[in-house]
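Asks: Generate coordinates for the entire structure from the input sequences, incorporating the hints supplied.
So the sequences go chain by chain: A and B.
End of the first sequence = 290 in this note's numbering, gap-free, step of one.
End of the second sequence = 467 in this note's numbering, gap-free, step of one.
These are computed hints drawn from the structure, not numbers from a lab.
A virtual CB, placed ideally from N, CA and C, is assigned to each residue, including glycine.
Among the hints, a few may not be true.
Said to hold, decoys possible - With the Cβ distance kept under 8 Å, some of the chain A side facing chain B (calculated, not the full set):
(1) Thr193
(2) Tyr222
(3) Gly226
(4) Leu242
(5) Ala246
(6) His249
Unchecked claim - Every beta carbon over 12 Å from chain B, so not counted as near; a handful from chain A, in silico:
(7) Gly121
(8) Leu125
(9) Ile263
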Amino acid sequence: MARSLFLFDMTFWLYLAALVLYVTYMLAKRPAMSLAPAGHPVEYSDNDSGWAVQIGQVATIVTVFGWIVNSLALFTRAYERMQLSGTFAPWSNQFEAMSYVSWAIILGYVLLEFRYRIKAIGAFVVGIGFIAMGAASLLPYRYQTAEPLVPALNSYWIYIHVSVTLTSYAAFAMAGGLGVMYLLKERAERQGKVSRLYASFPDLETIDELGYKAIMVGFPLLAFGVILGAMWANYAWGGYWSWDPKETWSLIVWLIYGAYIHARMTHGWEGRRAAIYAVFGFLMVIFCFWGVNFLLSGLHAYA
Amino acid sequence: MNGQEHIAVEPDASQQSPGLGWNEIKTELVAFFASIKLAMFLFIVLAMTATIGTVIQQGERPETYIKEYGEEAYRWFLRLGFTDVYHTWWFTSLLGMLCVNSLTCFYKRFPGVWRSMKQDKVNVSLPFIKNLKQTTEFSIAASKETVAEGFVGLLAEKGYRVLAKNDPQEVTLYATKGIMGRVGAHMAHLSATVIVLGGLIGSYYGFQEFGVCLEGQTYHIPKGNFDLHVDKFWIDYHENGSVKSYNSTLTVLEQGQKMATKTITVNDPLVYKGIWFYQSSYGDSWDRIDVARVNVKEKDTDKLVGTVDLEWQKEAQLEKLGLKLLMTDFVADFGFNSTDKKVYSKTAEHANPAIRLAITEGPMQTSPWIFYHYPELFDIKGSKYAFELVGYQPKKFTGLQITKDPGVIIVWIGSTMIVVGITLSSFIYHRRLWAKVIPNENGVTVHLGGTTHKSQIDFNKEFRKLTERITKLST
Ligand code: HEM
Chain A
-12 MARSLFLFDM TFWLYLAALV LYVTYMLAKR PAMSLAPAGH PVEYSDNDSG
38 WAVQIGQVAT IVTVFGWIVN SLALFTRAYE RMQLSGTFAP WSNQFEAMSY
88 VSWAIILGYV LLEFRYRIKA IGAFVVGIGF IAMGAASLLP YRYQTAEPLV
138 PALNSYWIYI HVSVTLTSYA AFAMAGGLGV MYLLKERAER QGKVSRLYAS
188 FPDLETIDEL GYKAIMVGFP LLAFGVILGA MWANYAWGGY WSWDPKETWS
238 LIVWLIYGAY IHARMTHGWE GRRAAIYAVF GFLMVIFCFW GVNFLLSGLH
288 AYA
Chain B
-7 MNGQEHIAVE PDASQQSPGL GWNEIKTELV AFFASIKLAM FLFIVLAMTA
43 TIGTVIQQGE RPETYIKEYG EEAYRWFLRL GFTDVYHTWW FTSLLGMLCV
93 NSLTCFYKRF PGVWRSMKQD KVNVSLPFIK NLKQTTEFSI AASKETVAEG
143 FVGLLAEKGY RVLAKNDPQE VTLYATKGIM GRVGAHMAHL SATVIVLGGL
193 IGSYYGFQEF GVCLEGQTYH IPKGNFDLHV DKFWIDYHEN GSVKSYNSTL
243 TVLEQGQKMA TKTITVNDPL VYKGIWFYQS SYGDSWDRID VARVNVKEKD
293 TDKLVGTVDL EWQKEAQLEK LGLKLLMTDF VADFGFNSTD KKVYSKTAEH
343 ANPAIRLAIT EGPMQTSPWI FYHYPELFDI KGSKYAFELV GYQPKKFTGL
393 QITKDPGVII VWIGSTMIVV GITLSSFIYH RRLWAKVIPN ENGVTVHLGG
443 TTHKSQIDFN KEFRKLTERI TKLST
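Replies: Dropping the structure here:
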């Protein structure tokens, strides 16, 4: 037990370091370098001079390293679970689930950075990953240990249902982070501020589009996760849908994002409004993930 | 919109003939039910109303609500259906509306998607291309045919389906990719109705029952016309004492013939002839025990003269004392119905357990109830002895849920459609490119334009790369 807890701790500190580095990177980046003639899309190559490049590189390295430690922690926890009770899913309680979500957020972020080469997003998305990890480590010790699963959870369905659902939460978290970023930059632009900070952000359209993409990853994943849950319920409880608070809330979250993707097809539902909506959606995800477990009762209450 | 396509729309024929015939009403209805606004409204209203049932406990007894919310609120709950939100007429209507909405959307828009899969608009004008969202133009020093062929090859390599039209004065190209993304969206639109249909079939032709079964007993399952024998029920524990699994071994019998045997656990049901048997609960039986320990005392001296372990409905002889004892009944929570003068168990909890003893003491026969918690309650008149129930071993029952749902397979078909459909539409986006290659003095001018259903930044990137590679075609 101690071994995985140590690794989880280390992950926490590494993500904190990564967050600090990304914020420093943002502050250090030269705004002039990312301004482009009007109408021309900007390629975000890191041709900035000064400290920014090095800090950016270190930030990426620390993030990747943190992610590796996070993976190791999850593997170690899986091994410990195996020793203890013969099941391995390292997302079997709130603590492990949070750690897994931050793992998925950071993985998503690293993929995004490698694909689009936009580092400023790190300050927001790695930030959320860090908060998730931090919230996990604030849980009382008895929630952090690997108690054996209660019989109702002891099934191979937990491997796939829970991991798929949690991965969709990570995608929505990413969209929420991008939404916050959009709103900050949009406000600065509206007020005519051209601070160094905001200039290091990608342009609004890109943030908007990436946020939409994150939701388009989360949306099918959540549908799949909910359906896997229904299949599990059908197999374990004798009915695929029983309107239990947790499953109802994941349906609610799914409906909220369903409204979002359709809203984007009508005019005016991109940019600012979409960003606010993405942040709101993410708050609903948080409630579905935390609030339901702690505030509402139901069949999922033991999770 | 994101996937807003800047393509001129044909004027709608229906708008040219005002009047109020069936066609106009139909157009109006289709327009209303196919509108995305309605879809958004339904998504949001469903999301909001679905929260009600997660905050207010569903399907509780009236007392529970009155205690928690007061009588006035409870009356409103009943009126609005808040005690069973998900089965109210209005909630089901919202779901029904969503089905109608998505079906109408399919009806209205899918033909267009289908058409653009089958046949495409190659013959476009130059202004049309210049009006597309992404456009560019450049010159290449090469012949019209060379550039066109190179271009077609390049697009085909990128996975585009290309159509070309070679006119004397120009070549027009059309290239498209990713229509499956839109087909996927429409697959998702059909799925909602499929899932709801599956649910309806389940609620009309399925059933769900709960059976409390004791070890060693056989039960008839009328809906399956077979018998079920409960061989054994037991609990496995982890080393630290927490429960690992609940297990029941069940045997299916048809006309006395053993057809199947399986040990079911919480996550592993028995399925026989479409009927599912789930390990759903377990507990101490409230009307039966295995063994009861009874102390016999002499009334005069209050001295313990004997202890006997009585088995369920088996007579025991205490020859020294001249007694015959038989435990005939057990209740876990003693209750007495004064109308029909019957003893029953008020709850399933072992709150006030009692056994009934048939006592034969010489010529005298009595059958008093003996209470576990109140040993002194009744004096047995005419007997030398007092009897105390000092302990018992309850009989465990296994709670089986018995379910049949012929709609479930349809629900899974709908679920597959929704997941596959959304996934396709999330990761594949519909792109279209048009180009005109027009000869000029020293080669050709290429006018290229494109549009995407969504995923603008990826498309921009692709567009830019394509342009770069085409410009290099001449060399
Ligand atoms: C029942 C649940 C529904 C699901 C799961 C669903 C899902 C989807 C998805 C995944 C897309 C693709 C989004 C994109 O490409 O960005 C889509 C597109 C669309 N949806 Fe829905 N939708 C549902 C209900 C509805 C309803 C009720 C309407 C009614 C108007 C509607 C209208 C549309 C339209 C017009 C499109 C664009 C179709 C196209 O590209 O040709 N949807 N839907």
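Asks: Any of the earlier hints contradicted here, and which numbers?
Replies: none
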